[in-house]
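**Student:** Going down the list, the protein sequences come from chains W and B. Here the first sequence is numbered in our numbering, starting from 1 and rising by one per residue. Here the second sequence is numbered in our numbering, starting from 1 and rising by one per residue.
Heads up, a few of these hints could be off.
Claimed, not checked - For the chain B half of the interface with chain W, some residues (derived, Cβ under 10 Å), not all of them:
| # | residue |
| --- | --- |
| 1 | ARG17 |
| 2 | LYS64 |
| 3 | GLY212 |
| 4 | SER214 |
| 5 | GLU215 |
| 6 | LEU274 |
| 7 | VAL281 |
As the list claims (entries may be wrong) - Taking CB as the label site, the calculated pair distances span:
| # | chain 1 | residue 1 | chain 2 | residue 2 | range |
| --- | --- | --- | --- | --- | --- |
| 8 | B | GLY263 | W | ILE20 | 19 to 29 Å |
| 9 | W | SER113 | B | LEU259 | 28 to 38 Å |
| 10 | B | LEU259 | W | ALA10 | 47 to 57 Å |
| 11 | W | ILE20 | B | PRO53 | 33 to 43 Å |
| 12 | W | SER113 | B | PHE152 | 51 to 61 Å |
| 13 | B | ARG277 | W | PRO285 | 48 to 58 Å |
| 14 | W | SER61 | B | PHE34 | 49 to 59 Å |
| 15 | W | ILE20 | B | ARG277 | 21 to 31 Å |
| 16 | B | ILE201 | W | ARG58 | 29 to 39 Å |
| 17 | B | ASP280 | W | ALA10 | 43 to 53 Å |
| 18 | W | SER75 | B | ASP241 | 28 to 38 Å |
| 19 | B | GLY101 | W | GLU116 | 21 to 31 Å |
| 20 | W | SER75 | B | VAL266 | 44 to 54 Å |
Worth flagging that the hints you see were computed from the coordinates, not collected in a lab. For clarity, every value in this text was computed on a predicted model and none was experimentally measured. Beta carbons: idealized from backbone N, C-alpha and C, even for Gly.
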Amino acid sequence: MSEDLLVEAAGLTKRYGSRITAVDALDLNVHRGEVYGLLGPNGAGKTTTLKMLLGLIRPTSGVARVLGEEPGTPSALARVGALVESPAFYPYLSGRDNLAGMARLSGVHASKSRVEEALEQVGLTSRAGDRFKKYSTGMKQRLGVAAALVKDPELLILDEPTNGLDPKGIAEMRDLIRSLGRRERTVLLSSHMMGEVERICDRVGVIRSGRLVAEGPVAELRGQGGLLVKAEPLERAAEVAASIAGVEGVEVEDGMLRLVVDPGRASEIARELVSAGVEVIELRPAQHSLEEAFFQLTEEKEVV
Amino acid sequence: MSMAASFSFELLKLRKRPATWVLAVIMVLFVFFFDYFQFYSAITALEEGGQDPTGQITDVEEFKNYLLPASVTVNVAGLLSFFGGPFALIIGALSAGSEYGWGTLKTSLTQRPGRLSILAGKFLAVGVAVAGLSVLALGAGAVSSYVVAGLFEGPVDWPGFGNVLKGLGIIWLILGAWASLGVFLALIFRGTALAIGLGLIYGLVIESLIFGFSETSRIIEALTYVLLGRNGGDLANSLGDAPRSFTSPEAVDPAQATLVLAGYVVLLLITAALVFRRRDVT
C-alpha cells in the first residue's frame with residue numbers, strides 16, 4: 001500500500017444470503033489529507049462499506065486496508081476515529097464519563113486532558129456533566145464526534161455526520177469537519193446530502209446499489225454540461241443548433257437553449273448560428289450541479 | 001492493557017447503572033422478607049398454635065436454628081441457589097444485551113480494544129458485581145439473623161471465618177454461573193428482552209419441570225445432575241445443616257457440584273467468545 005493511501009479497498013463485497021448484495025465489488029481509495037465523501041441514496045451501501053472498513057462487519061469477499069492494516073485490528077483502530085450511524089453512548093452516564101470511558105478503551109495516554117480537549121473542540125464543555133440521555137440530537141452528534149477525536153486520529157470515518165441536526169447544527173458540523181480536514185487529518189464521510197458533500201469534500205465517490213459508479217473531485221464529477229445559448233429567435237436557433245454535427249441534444253430551459261455538446265466548440269457553434277441569421281445574445285458553458293450529476297449517475301430522483 | 005481498560009470501564013458502567021442498585025436492593029429485601037421474616041412469622045404462628053403459611057416447617061426447633069447467626073451461610077446460600085439465579089441472570093443479560101439496544105457496542109468496538117478484550121472485561125466486571133451481590137446478600141442475612149436471634153432470645157454464634165469464606169465462594173459461584181448464562185444469552189440474542197425472558201423460563205420453569213419428571217425416566221433423572229439449580233442447591237447445603245432443600249434429598253457431591261457450576265462458567269464464556277469474535281455488528 002502506498003504511504004499516501006490511508007484507505008484502500010478492492011472488490012469489497014458484502015452479501016446477506018444469496019439474494020441481498022449490500023456492497024458489490026467496491027473499489028475505494030482515500031488519500032492522506034483529503035476529505036473524501038461517499039455519496040449515495042439511502043440503502044446504497046455506504047454504512048455497510050464504512051462498517052467493513054472498521055471491522056464491524058466482515059466482507060463476503062474482497063480486501064481492504066486501513067492505514068496499512070487489516071480493518072478492525074487494534075493497531076488500525078488506534079489511529080482511526082469513527083462515528084457510525086447515530087451516536088451511541090450509555091444514557092445514564094454523563095458526556096464526560098462516556099468520553100473518558102471511550103478514551104480509556106482507546107488506550108489514550110493522559111486521557112483526562114484529551115477528554116477535556118475533545119469536549120472543548122466540539123463545544124460541549126459546559127454540558128459535559130449532564131447525562132447523555134438529557135442531550136439534544138445536536139449535542140449527541142457532537143459527543144459522537146468528540147469520541148472519534150479523543151485519540152487524535154489520523155483518519156476520521158464519519159457516517160452521515162449531520163443526520164438529524166437542525167440547519168444551525170448542520171452548519172456547525174460542516175465547519176467542524178472542514179476545520180478537521182484542514183489540520184492534515186484525513187476524513188472519510190458518507191452522506192446522502194449533495195450540498196453537504198459539495199461544501200465539505202475534496203473528492204467524492206458516488207455509490208449506487210453497492211457499487212461505486214463514479215469517483216473524482218467534485219468539479220470533475222459535475223462535469224461540463226454543454227453550452228447555454230440565449231438567442232433570438234429561439235425556435236430558429238434550436239433548429240439550427242440541432243442540425244450542427246456533434247450536437248447531441250437541444251433543450252429549451254428558462255428561455256435559453258441547453259446544448260449537449262463539447263463546450264470547446266463554443267466559437268464554432270456561435271459562428272453557425274450567426275451565419276444562419278440567428279442573433280446570439282449570450283453563449284456560455286453550462287455546468288451541472290452535483291445534484292444533476294448525482295441523479296444522472298444514480299438514475300434516482302428521490303434523493304434530496 | 002486493553003482488557004484492563006475494558007474491565008475498568010465495565011465496572012464504572014455497572015457501578016453507575018441504576019438497574020444494578022435496584023437489583024441489589026431487591027435482593028437484600030428478598031433475603032430479609034422471603035427468608036428470615038417469612039420463616040420467623042411462620043415459626044411464631046406455629047408456636048402460637050396457628051398454621052405454617054410456608055408449608056416447609058417440619059421441625060420448629062430445627063428451623064429456629066436455621067434462622068440464627070450460626071447458620072447464616074447455609075441459609076443465605078440455600079435461598080440464593082434457587083432465587084438468586086434470576087438476579088444474577090438479569091445483571092449478566094443487562095450488561096451484555098444493553099450494548100445492542102443502545103448501539104454502544106459499535107462505539108466501543110471502534111475505539112481500539114478488540115472483541116475478546118471487551119468480552120473478557122465484561123465477564124470479569126460482571127464477576128466483580130456478582131461478588132458484591134454475594135457480600136451484600138450475606139451481610140443482609142447476617143443482620144437479619146442477628147435480629148431474629150434477639151427476637152427468639154437465641155445464641156449469637158457466628159460461623160467461623162472459613163465457613164464464611166466458603167459460603168461467599170459458593171454464593172459467588174452459583175450467582176456467577178447464572179450471570180454467565182445471562183451474558184451468553186444476551187450475546188446470542190443480541191439484546192436483553194429475549195435473553196432475560198428465556199433465562200427466567202429456563203431457571204424457573206424448565207429446570208423445575210425436568211426435576212419434576214426426573215422419577216419418570218432415567219435419562220431425565222441423569223439430566224438433573226447437570227442442572228444449575230440442583231448443583232447450586234446441593235453445593236449450598238454442603239455448608240451446614242439445612243432443614244429445607246430446593247432439590248432432591250439425594251445430594252450431588254459438593255466437589256462435583258463445584259465442577260459443574262465452574263464448567264458452566266467456562267463453557268458459556270468460551271462459546272460466547274467464539275460467537276462474539278466472528279459475528280457482524282450490524
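**Student:** Look at the Cβ atoms of B:ILE201 and W:ARG58 and judge whether their distance stays inside 29 to 39 Å.
**Tutor:** 32 Å, holds
**Student:** Could you see if the CB distance from B:ASP280 to W:ALA10 stays within 43 to 53 Å?
**Tutor:** 20 Å, violated
**Student:** Verify the CB-CB distance for W:ILE20 and B:PRO53 against the hinted window 33 to 43 Å.
**Tutor:** 59 Å, violated
**Student:** For the pair W:SER75 and B:VAL266, does the Cβ-Cβ distance stay inside 44 to 54 Å?
**Tutor:** For W:SER75 and B:VAL266 the Cβ distance comes to about 30 Å; the hint is violated.
**Student:** So, B:LEU274 near chain W? Judge it on the closest CB pair being under 10 Å.
**Tutor:** 15 Å, violated
**Student:** Okay, B:LEU259 versus W:ALA10 on CB: inside 47 to 57 Å?
**Tutor:** 51 Å, holds
**Student:** Verify the interface restraint on B:ARG17: the C-beta must sit less than 10 Å from at least one C-beta of chain W.
**Tutor:** 6 Å, holds
**Student:** Could you tell me whether the CB distance from B:GLY101 to W:GLU116 stays inside 21 to 31 Å?
**Tutor:** 30 Å, holds
**Student:** Let's test the interface hint: is any C-beta of chain W closer than 10 Å to that of B:GLY212?
**Tutor:** 41 Å, violated
**Student:** Quick one: are W:SER113 and B:PHE152 within 51 to 61 Å, going by C-beta?
**Tutor:** About 60 Å separates the Cβ atoms of W:SER113 and B:PHE152, which means 51 to 61 Å holds.
**Student:** Quick one, is the B:GLU215 hint okay against chain W at 10 Å, beta carbons?
**Tutor:** Hint on B:GLU215: violated, closest Cβ of chain W at ~46 Å, above 10 Å.
**Student:** Hint says 28 to 38 Å; check whether the CB-CB distance for W:SER113 and B:LEU259 agrees.
**Tutor:** This hint is violated: roughly 49 Å between Cβ atoms.
Figure legend: structure checked against the earlier numbered hints; hints not met, in rising order: 2, 3, 4, 5, 6, 8, 9, 11, 17, 18, 20.
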